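**Student:** Given next are the chains, with one letter for each unit.
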Amino acid sequence: MIVTSSDNRFNKALRTIFFMPNLIGGILLGFIWQFIFTSAFKAIGSGLHLSFFNGWLSDPRTGFWGIVILFVWQMSGYIMLIYVSFLNSIPQNTIQAARLDGANRRQILFFIKLPQLAPAFTISLFLTLANSFKLYEQNLALTNGGPYRSTEMISMYIYNTAFVNFQQGYAQAAGIILFFCVTLVSFLQLALSRRGEN
Amino acid sequence: MPKKRSLKYLSIAIFSVIGLFWVYPFAIVLINSMKGKRGVFQNPLWFTKDFSLANFKTAFQALDFAHSFLNSLLITIGSVGLITVVSAAAAYAISRVKGPFSSIIYYVCAGTMLIPFQSIMIPLLSIFGKVDFLNRTSLIIMNTGLSVSLSIILYYGAFQGVPKSLDEAAALDGAYPLKTFIHVIFPAVSPMTGTVIILNSMKIWNDYLLPSLVVNKDGMYTIPLKMYSFFGETNSEWQLALAGLVLSMIPIIALFLLLQKQVMTSVTEGAIK
Numbered sequence: 001m002i003v004t005s006s007d008n009r010f011n012k013a014l015r016t017i018f019f020m021p022n023l024i025g026g027i028l029l030g031f032i033w034q035f036i037f038t039s040a041f042k043a044i045g046s047g048l049h050l051s052f053f054n055g056w057l058s059d060p061r062t063g064f065w066g067i068v069i070l071f072v073w074q075m076s077g078y079i080m081l082i083y084v085s086f087l088n089s090i091p092q093n094t095i096q097a098a099r100l101d102g103a104n105r106r107q108i109l110f111f112i113k114l115p116q117l118a119p120a121f122t123i124s125l126f127l128t129l130a131n132s133f134k135l136y137e138q139n140l141a142l143t144n145g146g147p148y149r150s151t152e153m154i155s156m157y158i159y160n161t162a163f164v165n166f167q168q169g170y171a172q173a174a175g176i177i178l179f180f181c182v183t184l185v186s187f188l189q190l191a192l193s194r195r196g197e198n
Numbered sequence: 001m002p003k004k005r006s007l008k009y010l011s012i013a014i015f016s017v018i019g020l021f022w023v024y025p026f027a028i029v030l031i032n033s034m035k036g037k038r039g040v041f042q043n044p045l046w047f048t049k050d051f052s053l054a055n056f057k058t059a060f061q062a063l064d065f066a067h068s069f070l071n072s073l074l075i076t077i078g079s080v081g082l083i084t085v086v087s088a089a090a091a092y093a094i095s096r097v098k099g100p101f102s103s104i105i106y107y108v109c110a111g112t113m114l115i116p117f118q119s120i121m122i123p124l125l126s127i128f129g130k131v132d133f134l135n136r137t138s139l140i141i142m143n144t145g146l147s148v149s150l151s152i153i154l155y156y157g158a159f160q161g162v163p164k165s166l167d168e169a170a171a172l173d174g175a176y177p178l179k180t181f182i183h184v185i186f187p188a189v190s191p192m193t194g195t196v197i198i199l200n201s202m203k204i205w206n207d208y209l210l211p212s213l214v215v216n217k218d219g220m221y222t223i224p225l226k227m228y229s230f231f232g233e234t235n236s237e238w239q240l241a242l243a244g245l246v247l248s249m250i251p252i253i254a255l256f257l258l259l260q261k262q263v264m265t266s267v268t269e270g271a272i273k
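These protein sequences, in sequence, are chains A and B. Residues in the first sequence are numbered from 1 upward in steps of one, following the working numbering. Residues in the second sequence are numbered from 1 upward in steps of one, following the working numbering.
Be a bit skeptical, because a hint or two may be false.
As the list claims (entries may be wrong) - Here are the computed distance ranges between Cβ atoms for each label pair: (1) Y170(A) x V97(B): 33 to 39 Å; (2) L70(B) x F110(A): 51 to 57 Å; (3) Y170(A) x N216(B): 18 to 24 Å; (4) S165(B) x N93(A): 29 to 35 Å; (5) F47(B) x I69(A): 32 to 38 Å; (6) Q116(A) x V97(B): 32 to 38 Å; (7) Y170(A) x F51(B): 40 to 46 Å; (8) L255(B) x A130(A): 47 to 53 Å; (9) P191(B) x S132(A): 29 to 35 Å; (10) N216(B) x R149(A): 33 to 39 Å; (11) S186(A) x F133(B): 31 to 37 Å; (12) S132(A) x L255(B): 22 to 28 Å; (13) S190(B) x A103(A): 39 to 45 Å.
Hint data in this document are derived by calculation from the structure and do not stem from the laboratory. This structure is a prediction, so every number in the text was calculated from the model and none was measured. Ideal placement from N, C-alpha and C gives every residue a C-beta, glycine not left out.
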């Protein structure tokens, strides 16, 4: 992903393409991938005679990975943009100075660029974590928690307890726990990453 | 330099392949939306012979597209308008009036950004439900309440960058504070206004969870809501469902291609702040 920082037409087109899924809401994304995992995967599987591609969403384990793939597909363009903007803000003269000192491209990447990207890592990790805790729509549209509620994420659990089973007090308790989890994980992650940055 | 050149071609090739993984899901949806039922079944991966655009017409009617589009538009414009006005005014006040009260508001805004929506959804809904106020207007109010904290923080940063001497100059010329804000300070942060509008529009336009709880009634459906119920109705008819998906995606992708650069800078700016 780091390679796409330099500005030319090919890279700009790529950035647009990677960013596209991020524009579209979770419900629509979930449906797109439901089609891919059921129909398209079946066609690939029967074409290649591999049972690997069959019934991804009807198996608890692959159903979970289906949500992971969808989430990666959606978020990576966004995260990439953050890295690009940090890469572009590294002053050119630092890189030139390193080059004058005889550093090759690999050394520049590891010793000059990566350390300056540390804040970008923090932000991306924070955003990805926060968003994955809040994941609901993709879950609903892709698997609806099935098979047998095995892929039901926390947000969906709260929703179902409150508005399907009508146990609102219980669901609210789960909501509070979710809040504490998110806060705790966010602070831990920020503290650890900040220490890593220095 | 031949080695460097071949390296460049290699990286272009690799990234084209990776890019394909991002394009192909969209392509496959588009391809299959222009088929009959048999074509989707026989070969979902590429075009088949039964090409037709009839699915779009059916999906357009089933989605009640014009109506749901207007609903989505109304809710998005209403919420974003209110968010922009409220958060700009609030941020201006707390950036110019120094004191403990301003910093308390600032930290409350920063803190509330951490709260996941699911943690407050149930009391929010039961309060609005008790007073029987669940419609498009209340959705606009809720959206505003949920989004102002991020917008205030973004605007606060922007106003800090506007020198105070500008305020003082306007005051010397006889402008009262409200006039200074509207004619001098607010125009000075118009890039940030663009960012706030884009970030909030994307979020509100695509939102499903909150609208599904508030405006899940006839005549108030937004596009994601209608798409969800339409999808349930057409379970074995993928070509129709996919045509509906394409229709729902067209407005936002078209707008993105028009405002591409602005959208991308806004999104990164919103993340980094």
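**Student:** Decide, hint by hint, whether the structure agrees.
**Tutor:** How the hints compare with the structure:
Range check, Y170(A) to V97(B): about 44 Å between beta-carbon atoms, so the 33 to 39 Å window is missed. The given range of 51 to 57 Å is respected by L70(B) and F110(A), whose C-beta atoms sit roughly 54 Å from each other. The supplied range of 18 to 24 Å is met by Y170(A) and N216(B), whose beta-carbon atoms lie about 22 Å from each other. In this structure the hint that S165(B) and N93(A) lie 29 to 35 Å apart at CB holds, the actual value being about 33 Å.
In this structure the supplied range 32 to 38 Å is violated for F47(B) paired with I69(A), their Cβ-Cβ distance being about 25 Å. One distance hint, 32 to 38 Å for the beta-carbon pair Q116(A) and V97(B), holds here, with the actual separation near 37 Å. Judged by the Cβ atoms, the range 40 to 46 Å given for Y170(A) and F51(B) is violated: they are separated by roughly 52 Å. Evaluation of the 47 to 53 Å hint for L255(B) and A130(A) yields a failure: the beta carbon distance comes to about 26 Å.
Distance hint for P191(B) and S132(A): a CB-CB separation of about 30 Å, consistent with the stated range 29 to 35 Å. In this structure the hint that N216(B) and R149(A) lie 33 to 39 Å apart at CB is violated, the actual value being about 23 Å. For the pair S186(A) and F133(B), the beta carbons lie near 33 Å from each other, so the given range of 31 to 37 Å is met. Distance hint check: the CB atoms of S132(A) and L255(B) are about 27 Å apart, consistent with the given range 22 to 28 Å.
In this structure, S190(B) and A103(A) meet the distance hint of 39 to 45 Å, their C-beta atoms being roughly 42 Å apart.
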